[in-house]
Structure formats: structure tokens, C-alpha cells
Amino acid sequence: MGKLRTYQEEIRQVEANLSLEHRRLKELQAETDALVSQIKEIEEKETYLRKFVNEKTLKLDDFKRKHRDAEGVMFGPDLRKLKKLQKVPDMKDWDNALLVVWLRKEVPTID
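The sequence shown begins at 4 in this note's numbering and counts up one residue at a time.
Every clue listed holds true.
Each computed DSS-like pair below joins lysine-lysine, with the alpha-carbon atoms no more than 30 Å apart:
{"no.": "1", "residue 1": "K48", "residue 2": "K59"}
{"no.": "2", "residue 1": "K43", "residue 2": "K54"}
{"no.": "3", "residue 1": "K48", "residue 2": "K62"}
{"no.": "4", "residue 1": "K69", "residue 2": "K59"}
{"no.": "5", "residue 1": "K29", "residue 2": "K43"}
{"no.": "6", "residue 1": "K48", "residue 2": "K29"}
{"no.": "7", "residue 1": "K62", "residue 2": "K43"}
{"no.": "8", "residue 1": "K48", "residue 2": "K67"}
{"no.": "9", "residue 1": "K54", "residue 2": "K69"}
{"no.": "10", "residue 1": "K43", "residue 2": "K59"}
{"no.": "11", "residue 1": "K54", "residue 2": "K67"}
Treat the hints as calculated values from the structure; they're not laboratory data.
Construct all of the structure, not just a fragment, from the sequences and the given hints.
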């Protein structure tokens with residue numbers, strides 16, 4: 004009879020431990036579900052923000068391209084803004100004209 008009681012006590016102890024572990028497992032499962040939900044929300048926000056940034060970048064690039072095409076500037080600086088070079092000099096004077104433009108940009112004038 005003594006062994007039977009010992010076994011019954013051990014069984015009760017194991018059942019109590021099992022019940023405690025089962026409760027802990029449920030708590031961990033609830034925490035895990037909450038974290039998974041947060042991760043999904045973060046991923047959805049990240050996806051939305053990436054899409055938003057990509058759309059804005061495409062619009063900006065399109066605007067820049069249209070603006071550049073409207074001005075007719077394909078590459079390099081827009082020399083039309085320099086009033087002195089509106090009339091294109093002869094080919095032999097180009098070096099001098101470019102030197103003058105460069106000097107005007109680089110050397111401060113004393114007024």
C-alpha cells in the first residue's frame with residue numbers, strides 16, 4: 004500500500020507540474036501571437052512606405068526629366084543663362100570666351 008501512495012503522490016506532482024507548464028505554454032503562445040501580429044504590422048507599414056517612397060521618387064525623376072526636356076538641356080551647364088554667351092562666338096574665339104566665363108566665375112571682381 005505504501006508504494007501505491009508514493010506512486011499516486013508522484014502522479015499528482017507530475018500532473019501539477021504538467022498543468023503549470025501548460026499554463027506557461029499558453030502565456031508564451033499569447034506573447035508570441037502578439038509579437039507576430041506586431042511584426043506583420045511593421046512589415047505592412049514598411050511595404051507601404053517603400054511603395055510611397057518609390058512612387059515619389061518616380062514622380063520626382065519624371066518631373067526633373069520633363070523640366071530638363073522643356074529647357075532643352077540634355078547635359079552640361081545651361082549656357083543660355085550667361086548673357087555674354089547668348090551670341091555664339093566664332094570657333095577661333097571659343098577658347099577666349101570660355102576662359103572669360105571661367106575667370107568670371109572663379110575670380111571675384113573688385114567693385
